[in-house]
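Enquirer: Spelled out, the chains give:
There are 2 protein chains.
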Amino acid sequence: MTRWRLTVEYDGGPFMGWQRQDHGPSVQQALEDALERMTGEQAPVIAAGRTDAGVHALAMSVHVDVVREITAHRLREGLNALVRPAPVSVLTVEPAADDWHARFSCVGRRYLYRILNRRAPPALERGKVWHIGVDLDVAAMAAGAAMLVGRHDFTTFRSVHCQSDSPVKTLDRLDVRHKGDEVLVEAAARSFLHHQVRSMVGCLSLVGRGQWRPDEMRKALEARNRAALGFNAPPDGLYFVKAVYP
Amino acid sequence: MTRWRLTVEYDGGPFMGWQRQDHGPSVQQALEDALERMTGEQAPVIAAGRTDAGVHALAMSVHVDVVREITAHRLREGLNALVRPAPVSVLTVEPAADDWHARFSCVGRRYLYRILNRRAPPALERGKVWHIGVDLDVAAMAAGAAMLVGRHDFTTFRSVHCQSDSPVKTLDRLDVRHKGDEVLVEAAARSFLHHQVRSMVGCLSLVGRGQWRPDEMRKALEARNRAALGFNAPPDGLYFVKAVYP
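So the sequence lines, in the order shown, correspond to chains A and B.
For the first sequence, position 154 (counting from the first letter as 1) is numbered 154 according to the UniProt record's numbering, and the numbering increases by one without interruption.
For the second sequence, position 200 (counting from the first letter as 1) is numbered 200 according to the UniProt record's numbering, and the numbering increases by one without interruption.
Looking at chain A on its own, in the form it has when it is part of the complex (with noise of 0.2 Å):
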């Protein structure tokens, strides 16, 4: 038995998120049906990060444990064939040691929220993008999302779902710039809860619009209680980037 770790670019648009679901496609299940099909083993793909309904990935981390003797390249190129019509990519395939896990051995998540902000509505990137028609103050967006950084309590930005054992994490960078007509929202953390990226983002949307001042981000943060939320910007502009590993 080998130890695979992977790498997957994927559209999160179709599936109702990474994990695998009874009442609709998942991620995890169109390459867990792929190996199936390729090599005859049902083995569960683990993904660094579980993103959620209409989240993309560039290059989500994952490992499977497959029995049969094959190939890095025949693996990558089997799955790619096998995993068609949906929109799924295997990027890379090493072998992994038998404990390298792709969720508990990541130090580091890194995700990109991508605001496309001009009066018209996306026609290329549609359902890749937050369109916002408004021009966004993205200085004061810059300034409310530095007060984010640190070690805190981030229930604010947390899901009622989320199964987190604690609401205190460390987010390493908040960072938000301008690229041509999008706003970019990067942010970096060993861990994330559940929504909390979606949660930040759409209360600096708030403050962009100038409907918050930055410091009103550290007044929701401080007031650790979710109905302090302004409200969670929609899937289609995430992107989970990379999993860092030691």
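Keep in mind that a hint or two might mislead.
What the hints assert, rightly or not - Taking lysine to aspartate or glutamate and the EDC-like style, the derived pairs with C-alpha atoms no more than 16 Å apart in a straight line are:
{"no.": "1", "chain 1": "B", "residue 1": "Lys219", "chain 2": "B", "residue 2": "Glu125"}
{"no.": "2", "chain 1": "B", "residue 1": "Lys169", "chain 2": "B", "residue 2": "Glu222"}
{"no.": "3", "chain 1": "B", "residue 1": "Lys128", "chain 2": "A", "residue 2": "Glu125"}
{"no.": "4", "chain 1": "A", "residue 1": "Lys128", "chain 2": "B", "residue 2": "Glu125"}
{"no.": "5", "chain 1": "A", "residue 1": "Lys128", "chain 2": "A", "residue 2": "Glu216"}
{"no.": "6", "chain 1": "B", "residue 1": "Lys169", "chain 2": "B", "residue 2": "Asp153"}
Unchecked claim - Quick partial rundown of chain A residues pointing at chain B, CB under 10 Å, derived from the structure:
{"no.": "7", "residue": "Asp11"}
{"no.": "8", "residue": "Ile70"}
{"no.": "9", "residue": "His73"}
{"no.": "10", "residue": "Val90"}
{"no.": "11", "residue": "Pro122"}
Stated by the list, open to error - Partial selection, computed: residues in chain A whose CB lies under 8 Å from chain B:
{"no.": "12", "residue": "Met38"}
{"no.": "13", "residue": "Gln42"}
{"no.": "14", "residue": "Pro87"}
{"no.": "15", "residue": "Pro121"}
{"no.": "16", "residue": "Ala123"}
{"no.": "17", "residue": "Arg126"}
Just so you know, these hints were derived from the structure itself, not from any lab.
Cβ coordinates follow ideal geometry from the N, Cα and C atoms, glycine included.
We have chain A; now place chain B onto it with these hints.
Expert: For chain B alone, kept in the frame of chain A given last:
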């Protein structure tokens, strides 16, 4: 009556092309139908370039005559609301002179062709790039592309359905460069023959794969013979970037 000048972004994927057709949806029809629902007027929407099925536009210039009094802002907002769910977005609207013509006043057209050059197929950019899984020699492609720049008889790179009076065109620019895991081809000319960009990119891909030497681009050009053509690149990677006016 006001002649309006619009710039329009669209995803060519679901369309038979720009031009209105009996047998399927077109970008032109989507815009004309939206205008009619908004104003009750049936007016042709004329574009700088009539893109093929599956070809996208970042900013197509078009014009349309509207009798009803309306502001530029309301025209844009109304069209964007009514054109849905078609993936078409009106970026800008401004009044134009009565004799300004999106097609006949245009003195320059720019196209971008995106090749995703990595082993794994696209998941996020499916339908938006041409996937080539073997490493392309970009320097050889650039050398081959340079041989097509200038005033030439482009019969080799012309569709049999081309309606242009003459196969002689002046290609101002044909640049090839790397950007991340993409190879980008940028083309500029006053006008292009039907399928010219896709034909040139198809041949350049043969150079990139090492199947043609760069100077075989010149031989193909000098043959003035459609049979000397490698093949057309698929429409997925082609974008109309900009129309230039005096």
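Enquirer: Now, for every hint given, state plainly whether the structure supports it.
Expert: Evaluated hints:
Using a Cα cut-off of 16 Å, the hinted pair B:Lys219 and B:Glu125 is violated, with the two alpha carbons roughly 34 Å apart. At roughly 14 Å between alpha-carbon atoms, B:Lys169 and B:Glu222 fall within 16 Å of each other, so this suggested pair holds. With a CA separation close to 10 Å, the supplied pair B:Lys128 and A:Glu125 stays within the 16 Å bound. Between the alpha carbons of A:Lys128 and B:Glu125 the distance comes to roughly 10 Å, so the proposed pair stays at or under 16 Å and holds.
As the CA atoms of A:Lys128 and A:Glu216 are separated by approximately 28 Å, the hinted pair breaks the 16 Å bound. For the proposed pair B:Lys169 and B:Asp153, the alpha carbon gap of about 7 Å is at most 16 Å, so the pair holds. With 10 Å as the threshold, the beta carbon of A:Asp11 comes within range of chain B, its nearest partner Cβ sitting at about 5 Å, so the hint holds. About 17 Å separates the beta-carbon of A:Ile70 from the nearest beta-carbon of chain B, more than 10 Å, and the hint is not met.
The restraint placing A:His73 at the interface with chain B holds, with a minimum CB-CB distance near 9 Å, inside the 10 Å limit. For A:Val90, the interface hint holds, since its Cβ comes within 10 Å of a Cβ in chain B; the closest pair sits about 6 Å apart. At a threshold of 10 Å, the smallest CB-CB gap from A:Pro122 to chain B is about 6 Å, leaving the interface hint in force. Checking A:Met38 against chain B: minimum C-beta separation of about 16 Å lies over 8 Å; hint violated.
Taking 8 Å as the C-beta cut-off, the interface hint given for A:Gln42 is violated, the closest approach to chain B being about 23 Å. Satisfaction of the interface hint for A:Pro87 is found here, the shortest Cβ-Cβ separation to chain B being roughly 5 Å, below the 8 Å cut-off. For A:Pro121, the shortest C-beta to C-beta distance to chain B is roughly 5 Å, which falls under 8 Å, so the interface hint holds. At its closest, the beta carbon of A:Ala123 sits 4 Å from a beta carbon of chain B; the interface hint therefore holds under the 8 Å criterion.
Hint status for A:Arg126: holds, given a least beta-carbon distance of 6 Å to chain B, under 8 Å.
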